[in-house]
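Undergrad: For the protein sequence lines, the chains are A and B, in the order given.
Residue numbers for the first sequence follow the UniProt record's numbering, beginning at 1 and rising by one.
Residue numbers for the second sequence follow the UniProt record's numbering, beginning at 1 and rising by one.
What the hints contain is simulated information worked out from the structure, not anything from laboratory work.
Just so it is clear, the structure is predicted and the values come from calculations on it, not from any experiment.
Everything hinted at is true.
Derived DEER-like restraints, expressed as beta-carbon distance ranges:
hint, chain 1, residue 1, chain 2, residue 2, range
1, B, E68, A, A16, 40 to 48 Å
2, B, H142, A, S376, 30 to 38 Å
3, A, K300, B, N34, 29 to 37 Å
4, B, A46, A, K300, 33 to 41 Å
Subject to a maximum C-alpha distance of 30 Å in a straight line, what follows is the list of computed DSSO-like cross-link-like pairs (lysine-lysine):
hint, chain 1, residue 1, chain 2, residue 2
5, B, K133, A, K13
6, A, K300, B, K124
7, B, K12, A, K299
8, A, K13, B, K164
9, A, K17, B, K124
10, B, K133, A, K17
11, B, K164, A, K300
12, B, K164, A, K299
Pulled a few chain B residues facing chain A out of the computed Cβ check, cut under 8 Å:
hint, residue
13, S56
14, L61
15, R86
16, R88
17, E90
18, M100
19, V102
20, S104
21, E116
22, I117
23, D171
For each residue, glycine too, the CB sits at the ideal point set by N, CA and C.
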Amino acid sequence: MKYGFNLAWRLFKHEAKRGELTIILFAIVLSVAAVLSLSLFSERLQSALTAKSAEFIAADRLLESGKPVDPAWIDKAKEMGLQTTQQVYARSMVFGNEQMTLTSLRAAASGYPLKGELKTSTELFGLGDVTDSLPGPGEAWAESLLLQKLGLKLGDKIEVGDKEFNLTRIITDVPDSGFSVFGGNPKVLIGINDLAATNITGPGSRIDYTYFFVGENSDLDDYYQWLRPQLDREIHDWESVEDDDSRLGRSVGRAEQYFLLASLLAIVLAAVSIAVAAQRYSQRHYDPVAIMKTLGASKKLVQRVYLYQITFITILGILLGTLVGFVIQHLVVLAVADKVTVSLDVWHWRPLIIAVFTGTICAVLFSLYPLLKLFSVPPLRVLRRDLGAGMSSRVLQFSATGTAILLLMWAYSQNLKISLILFVSGIVLVSALLIITYGLIAVGRKLGQGKMGAWQLAWARIRRRAMDNSVQLISFSVTIMLLLVVLVMRNDMVSQWQDQLPQGTPNYFMSNITEQQRPALNEHFNQLGVKTDVFYPVVRARFVSINDETIRTAVTKEDEKKDDGRNGLGREANLTWSNQLQKENKIIAGQWLDKWQEGDDFGVSVEERIAERLNIKLNDKLTFNIGSEVITVTVTSLRSVNWQTMQPNFFFVLQPEAMEAFLPTYITSFHVATDNKAKIAELMQPFSSVTLFDVDARINQLREIVDQVSVAVEFILVLVLIAGSLVLIAQVQASMDERLQELAILRTLGAKGSLIRASVIYEFLIIGAVAGLMAAFANELTLYLLQSQIFQMQGKLHFEYWLIAPLVGAITVGLLGAAGCWRLLTLNTSQLLRKMV
Amino acid sequence: MTTTPNVMIETKQITKVVSTSEGELQILQPISFNVKEGESVAIVGASGSGKSTLLSLLAGLDQVSDGEILLAGSPLHSMDEEQRARIRGEKVGFIFQSFMLVQSLTALENIMLPAEIAGMDNAKQLGQQILEKVGLGHRGNHYPNQLSGGEQQRVAIARAFITKPKILFADEPTGNLDAANSEKVESLLFELNRNSDTTLVLVTHDPVLAKHCQRQLNMQAGVLTEITEQNTQTAQQQAG
Chain A
1 MKYGFNLAWR
11 LFKHEAKRGE
21 LTIILFAIVL
31 SVAAVLSLSL
41 FSERLQSALT
51 AKSAEFIAAD
61 RLLESGKPVD
71 PAWIDKAKEM
81 GLQTTQQVYA
91 RSMVFGNEQM
101 TLTSLRAAAS
111 GYPLKGELKT
121 STELFGLGDV
131 TDSLPGPGEA
141 WAESLLLQKL
151 GLKLGDKIEV
161 GDKEFNLTRI
171 ITDVPDSGFS
181 VFGGNPKVLI
191 GINDLAATNI
201 TGPGSRIDYT
211 YFFVGENSDL
221 DDYYQWLRPQ
231 LDREIHDWES
241 VEDDDSRLGR
251 SVGRAEQYFL
261 LASLLAIVLA
271 AVSIAVAAQR
281 YSQRHYDPVA
291 IMKTLGASKK
301 LVQRVYLYQI
311 TFITILGILL
321 GTLVGFVIQH
331 LVVLAVADKV
341 TVSLDVWHWR
351 PLIIAVFTGT
361 ICAVLFSLYP
371 LLKLFSVPPL
381 RVLRRDLGAG
391 MSSRVLQFSA
401 TGTAILLLMW
411 AYSQNLKISL
421 ILFVSGIVLV
431 SALLIITYGL
441 IAVGRKLGQG
451 KMGAWQLAWA
461 RIRRRAMDNS
471 VQLISFSVTI
481 MLLLVVLVMR
491 NDMVSQWQDQ
501 LPQGTPNYFM
511 SNITEQQRPA
521 LNEHFNQLGV
531 KTDVFYPVVR
541 ARFVSINDET
551 IRTAVTKEDE
561 KKDDGRNGLG
571 REANLTWSNQ
581 LQKENKIIAG
591 QWLDKWQEGD
601 DFGVSVEERI
611 AERLNIKLND
621 KLTFNIGSEV
631 ITVTVTSLRS
641 VNWQTMQPNF
651 FFVLQPEAME
661 AFLPTYITSF
671 HVATDNKAKI
681 AELMQPFSSV
691 TLFDVDARIN
701 QLREIVDQVS
711 VAVEFILVLV
721 LIAGSLVLIA
731 QVQASMDERL
741 QELAILRTLG
751 AKGSLIRASV
761 IYEFLIIGAV
771 AGLMAAFANE
781 LTLYLLQSQI
791 FQMQGKLHFE
801 YWLIAPLVGA
811 ITVGLLGAAG
821 CWRLLTLNTS
831 QLLRKMV
Chain B
1 MTTTPNVMIE
11 TKQITKVVST
21 SEGELQILQP
31 ISFNVKEGES
41 VAIVGASGSG
51 KSTLLSLLAG
61 LDQVSDGEIL
71 LAGSPLHSMD
81 EEQRARIRGE
91 KVGFIFQSFM
101 LVQSLTALEN
111 IMLPAEIAGM
121 DNAKQLGQQI
131 LEKVGLGHRG
141 NHYPNQLSGG
151 EQQRVAIARA
161 FITKPKILFA
171 DEPTGNLDAA
181 NSEKVESLLF
191 ELNRNSDTTL
201 VLVTHDPVLA
211 KHCQRQLNMQ
221 AGVLTEITEQ
231 NTQTAQQQAG
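Could you put together the complete structure from these sequences and hints?
TA: In structure tokens form, the structure reads like this:
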């Protein structure tokens with residue numbers, strides 16, 4: 001027992017000193033460092049992004065309620081160390097300047113907003129400044145829209161219910177205002193203590209109580225656990241940023257998936273490199289094992305010696321890897337510091353545990369099979385050097401490795417789907433490569449004939465070492481494929497984000513444009529150099545029935561909620577009509593509106609989610625009230641709508657002929673740069689009745705987040721690329737050692753350095769090109785599955801990589817091979833021979 | 001099963017058959033011979049004649065296809081690999097043509113290896129002593145690839161003797177060495193052999209080396225014959 005330990009320690013010490021453990025140690029260090037730095041960075045980044053996203057709900061968690069909650073709940077939250085505040089929402093008429101309009105009233109308690117910033121201004125549509133305060137007693141703040149609608153100015157009085165307020169500031173930005181293009185009614189903010197005096201909260205009024213909570217995640221979770229049994233699903237709704245189905249929520253969610261993917265790929269990379277290194281390690285120890293056995297060592301002793309050794313290597317690898325990984329992620333955090341603020345103070349244990357776990361599992365599982373082979377080396381090898389390990393089963397090796405990788409990915413991601421996608425792609429790639437390898441042998445047999453030039457030597461070597469090469473080819477291909485997946489995924493994702501918000505995205509929307517105003521408005525805008533978008537006709541209607549079944553409160557529950565844009569469908573609906581399908585709209589059932597013919601029913605196309613919510617099916621008859629008129633239309637199609645686009649989208653698009661009798665108003669949008677805001681007053685001045693929605697601040701906020709996420713994704717990509725390149729280098733290095741003997745023989749036989757070098761380079765070029773090409777195919781499969789199944793993106797083919805990947809593969813692997821070969825050829829023949837011993 | 005005390009190796013009709021892609025190949029025809037304790041025996045023969053195979057069977061590195069081998073009284077033919085390993089550790093020393101030193105252990109550690117495997121406590125001390133004996137006392141901390149071929153073989157000899165084995169098997173011990181080194185290694189080998197009264201079985205091409213042994217056996221196409229005065233000439237020619 002003791003001797004096993006001593007011998008293992010001695011071997012370990014010497015081999016480490018002599019650099020013989022470099023490859024396997026490097027593989028473990030790399031895997032631990034990559035997994036640690038990636039997951040630590042992404043964990044920190046996610047906290048940073050979540051914190052940032054929290055601003056969009058003005059808290060970490062929300063409790064929405066149809067009626068005031070038991071004050072004990074709030075006391076409990078405070079007791080559990082959470083910060084809380086509350087806000088009451090109401091739809092209320094506001095009177096001012098002898099006119100009235102419906103507003104979205106918010107009565108905020110002190111502390112609001114717990115996250116994010118409230119901005120106010122003293123100018124209509126002006127740029128706001130951050131404020132810490134809230135309206136004082138008797139004061140109200142309102143959005144420009146209200147002042148515009150009622151023709152008010154600061155200092156004027158407005159009435160909300162029974163109470164009069166002094167209009168003291170203009171709200172420009174509320175953190176939790178949602179992402180709807182049409183924020184609906186203008187917001188009016190008052191202090192919560194003034195609410196009672198308005199007397200608008202009586203029975204029958206539409207009131208929504210929101211309680212905000214901020215604190216440590218664990219505390220928040222604990223609180224929710226305590227609270228959950230007391231919640232009534234009918235009136236209460238607990239929300240976090242993660243539940244956010246907005247554009248931002250999705251972007252952050254997608255970025256998180258990407259980080260997870262990158263970390264998973266890092267694990268696979270690590271596994272591949274450890275598997276290759278362990279195989280190499282085991283082969284190098286065939287002789288010592290044979291010697292020990294010859295000298296009388298029992299199998300048990302040999303096993304002990306090598307299990308100890310692997311343990312030492314693993315421990316050292318994990319220690320070094322942790323150190324390196326920590327330093328890398330620290331550097332990355334510093335590098336992105338000016339773009340994303342990621343706190344280095346918070347220490348996350350999970351990534352460290354994952355990294356150590358990965359290192360251990362990889363080292364143990366992937367060296368298991370090579371070790372078993374090593375243990376079976378017969379002592380007779382001391383006399384017959386050609387004798388290798390007694391056991392050999394590729395099937396066993398591949399299935400053991402594959403299962404280990406799958407389990408590791410699953411354990412880490414806790415997402416079977418994403419793990420299976422990567423795994424299946426891997427299997428397809430490996431099978432294809434095995435077929436290719438045998439194909440190469442056949443081709444090589446033909447090509448390798450004739451005079452022994454560098455090409456012939458290269459082919460001959462590929463052919464002869466087909467099985468060894470297949471392992472190498474697989475590891476190169478998997479590495480290149482993983483790099484491609486991370487690279488292309490990032491390109492697709494970032495470009496899609498940028499496509500959503502291209503420069504010049506409309507940041508102002510106008511509604512209530514009358515038929516008469518339309519040409520004049522268009523001309524006025526043109527004169528001022530501002531381009532308006534499509535004018536969508538809109539008629540406000542009341543949704544009455546589906547197939548004669550009257551719509552009840554159940555389907556209009558959304559009315560009770562605060563203005564929430566697209567989710568909010570009340571009995572009031574905006575109807576539009578068109579013969580043309582709007583962009584980013586897709587028919588998912590039925591047919592888009594055909595040309596109407598006399599005697600036909602009028603058609604309507606319904607957005608899929610509202611259809612699902614209201615249980616609307618194809619051919620259902622929907623009835624709307626428009627003023628005193630009633631119109632019934634038949635559902636001819638269901639549409640999916642990309643709500644991520646900054647354009648007006650509609651639940652109901654009707655046949656134009658159905659609406660001929662009604663006078664519409666129009667909605668359109670335009671873009672004015674943020675620093676050119678002053679122009680707005682001039683633009684709007686002749687059209688006081690037109691309602692303007694300012695979404696500039698929203699768009700800027702969104703863009704900021706998307707930019708930050710993009711930068712983070714970029715860095716993750718760089719990290720994975722570096723890790724992957726290192727793995728490639730290690731692989732070439734390992735395979736170079738295997739070629740040592742042959743080089744020495746060729747050299748001894750007097751082959752010119754140039755011939756040897758050229759043959760090795762050609763060999764690596766061929767392997768690199770094949771690996772690159774296969775990786776490009778596998779990449780398409782993986783990406784298609786990932787994008788369609790996980791990222792909810794539209795998959796597309798990336799033909800350019802079918803060319804780039806083999807080229808880059810050939811060049812990279814070829815260059816690395818050349819570098820390795822150059823090193824060997826600088827040695828003279830006797831050094832070369834000696835190195836072989 | 002017992003054997004006469006002064007017989008170290010006793011073989012009865014041992015054969016070795018291996019399967020190849022072209023069917024079974026009999027490498028050794030039935031061989032029976034004995035080696036007495038303290039005796040030195042050289043097995044000579046052309047390459048491929050089966051002499052190394054015979055050595056591997058005698059030393060318990062490989063299993064006979066048929067027949068019996070008793071090594072210092074232990075029936076190798078009926079033992080499994082683990083039992084044979086134990087016998088090798090207790091009673092056998094080895095010297096190989098390609099030295100077979102563990103590259104990542106120093107000269108001293110290589111020498112200590114069998115002693116440590118056998119669980120001897122004073123392995124280091126013994127190793128140092130024997131290292132001095134083979135004239136490499138100052139090279140104990142060198143790795144094999146820092147030593148010349150002759151030095152490596154001397155380390156191997158030291159390793160073979162450290163456990164004072166009853167029997168020593170040497171496979172072409174001077175095969176990889178030049179004349180001067182061969183001579184040094186030879187004299188060292190026989191000197192240690194004499195001093196420790198070890199039985200020596202040596203496989204070689206080298207007639208000079210073979211001549212140093214008390215007995216010489218000739219292996220030809222798997223058939224072993226004793227070389228007497230009369231057929232020495234023929235054997236030498238074949239071995240050469």
